[in-house]
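Chemist: Residue numbers (this note's numbering), protein chains in the order written: chain A, 1046 to 1216; chain B, 1046 to 1216.
Honestly, the hints are just simulated from the structure, not real lab data. Careful: at least some of the hints might be erroneous.
When chains are identical, the list treats them as one kind, so a pair holds in a single copy or across two.
Taking lysine-lysine and the DSS-like style, the derived pairs with C-alpha atoms no more than 27 Å apart in a straight line are [what the hints assert, rightly or not]: (1) Lys1185 to Lys1146; (2) Lys1099 to Lys1146; (3) Lys1134 to Lys1185; (4) Lys1134 to Lys1105; (5) Lys1058 to Lys1185; (6) Lys1134 to Lys1099; (7) Lys1192 to Lys1105; (8) Lys1183 to Lys1058; (9) Lys1105 to Lys1058; (10) Lys1146 to Lys1192; (11) Lys1099 to Lys1185; (12) Lys1058 to Lys1146; (13) Lys1192 to Lys1099.
In this text the structure is predicted, and so the values were computed from the model without any measurement.
2 protein chains.
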Amino acid sequence: MEIEVKFHVDFNKVRAAIELLGASFLREELQEDVYFSISLPELLRVRRVPNLGKAFLTYKRITDPGRNEEFDELEVEVSDFNTTVEILKRLGYREDVVVRKRRLVYRLGGVTFELSEVEGLGAFLDIEVISDEVDGAKRKIWEIAEKLGLGEEDVEPRLYQELIRERAGGR
Amino acid sequence: MEIEVKFHVDFNKVRAAIELLGASFLREELQEDVYFSISLPELLRVRRVPNLGKAFLTYKRITDPGRNEEFDELEVEVSDFNTTVEILKRLGYREDVVVRKRRLVYRLGGVTFELSEVEGLGAFLDIEVISDEVDGAKRKIWEIAEKLGLGEEDVEPRLYQELIRERAGGR
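Construct the entire structure; sequences and hints are all you get.
Modeler: Okay, here's the thing in structure tokens:
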């Protein structure tokens, strides 16, 4: 299970704090995420990472809807973004929301930091742990968050696609 | 567009005839095809090719239902067979039919020969041309078929998954 908490942050300040913590920089990704029309708590996404020449098909089920911190995730890399999008359209799914971001990925121990500048939304940090032990994972995430100077008031419980939709005037 | 004609054949006889024609042997594939529950003329398949360590997600629409010789095909390679099958199950598709075969692939000019020993069904040759010019492609396929000693009476219009289903007692 993927457990993550998303925070609204100041990109440069948090970046410096993550590096100060001693986390290793893994990679920079330009991401274009196309979300398809299935109903929450399920998510269906095709992601293109043009700077790495990669694409992914991802299914997620949110297991704590509303909080959106616990995800049952299935993901495969696919050889072609456009063809994968087209297959889903043929199967009857509609392109719903597109989320574009520049993301820096860091890791420290079993914790992954995804620091993103999201087009139209600002900067966010996802602190993520892959674990079947939810409570332990949450404790670990919050220990780190506190070290970065982040608190409950910085948490953004809404999904990126919800934020994009709200910004577009809701639907 | 994928245009192909399927023949019921004698594996060894046709293999010798293909090689005599001068076709190049490309590869041997062990294929395990899982077809999912969507309605004809659409097909949704995940293929595992264990001897090459590859897997593919494929959507096809038969554009000449009944004859089953003309296909609009979309295919991507995927990084993991089981995860892809699981994603489709989560999306509500049911595993319908599994087709297992050993396939030899040859090519001559723009023509692909797929000579298969299909578990429980016997040997088949698919002669395939990728082209948007259906008539020309069909003529090319039949020229080759005649050189291999194959005629209309050898054509198998049913899909592999239909043959498997009929063998299992129909449904």
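Chemist: Okay, which hints does this one fail, numbers in order?
Modeler: Structure breaks hints 3, 7, 9, 11, 13.
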